[in-house]
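**Student:** Heads up: the sequence lines are chains P and A, in that order. For the first sequence, counting from 1, position 75 maps to 74 in numbering that gives the first Met the number 0; every step adds exactly one. For the second sequence, counting from 1, position 32 maps to 31 in numbering that gives the first Met the number 0; every step adds exactly one.
Quick caveat, the hints were computed from the structure, so don't treat them as lab data. Only a predicted model underlies this, so the values are computations on that prediction, with no experimental measurement involved. Beta carbons are placed, not taken as given, at the ideal position from N, Cα and C, and that holds for glycine. Please note that the accuracy of each hint is not assured.
[Claimed, not checked] Rough simulated footprint, nothing fancy, chain P against chain A, three-plus residues with beta-carbon under 8 Å:
#1 51 to 63
#2 69 to 75
#3 91 to 104
#4 111 to 124
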Amino acid sequence: MLEKTAPRTAPLLSRATTDSRTLIHVAWETGEEASYFHGFVAGYAKATFSASTADRVVLASHELVENALRYSLISQSIGYDLAVSSSEVRISVENGTTLARADMLRTQLQRIQSDPENTYTTELARSLTGTGRRSMLGLARICHEAHMAVSVSVIGSTLTVVATCRR
Amino acid sequence: MNQLVNVSVPRVDGFNAELTLPSLLYLSGVLAQSEPGKLVGPFFEDLHRAVVADGLREIIVDVRQLTFVNSSAIRLFVDWAARLRASSETEAYVIRFRTDRRITWQRTSFLVLQSLAPRQIIIEAE
């Protein structure tokens, strides 16, 4: 279960020793860079999972967190959670949102998941034309490259995006 | 005059670009910054101009040690493909990417990248 944390001025990295499911929980403010977070998760994932699973976890973690940092409502905290069960790896990222943004995200996600490979190709090619439309390349990579299932839920003004794969 | 030797290599934490003449570029590390285009984009633009100015017909780009790029960074390669597509016949050259098929992003991204400029992009996968 995700902890709700108050906004902080610097990233908080903690490992839940009493929760057998959560491996890593991070909470921080919008405006931070995801690049230093990448190094931490990459190191942890490579030490914990097989090479291929680690790759997928790192990719999904980075893309979800980067999206949250970029699109979250200002002055809302962002949470990241990496959890495992005997069969599954689960990445959850939560951030502040509006209903309109959440609905748009659901619609885009349905489009991606209906045909991940073609959507990935389309989104990549769309980068060529620079349409200025919000790119879904990050989500498309999670679905197509990392072969992860992605779901979206909203409670109040908090959006949670979850990516899962089998171990 | 060799323009490639004058291309300034960017300094980015965790990422390394090394140009070896006459036409070999090593990229290694990770590109995960939120705006890699600002940090590394000008380098790729200068690189393209230098390759064209020097009249090179091929440049080899070894990315086997580039273990992760975010979606913003992938666009740097897409932009390069776009410049290739827009090149005239006299300016045209080939990019030969040396990739590692065990690295997830390389296995999927470069196939698609090649489809964007099939005559100008060659993928070697070990």
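**Student:** Hint compliance check: list the failing hint numbers for this structure, sorted ascending.
**Tutor:** Violated: hint 1 alone.
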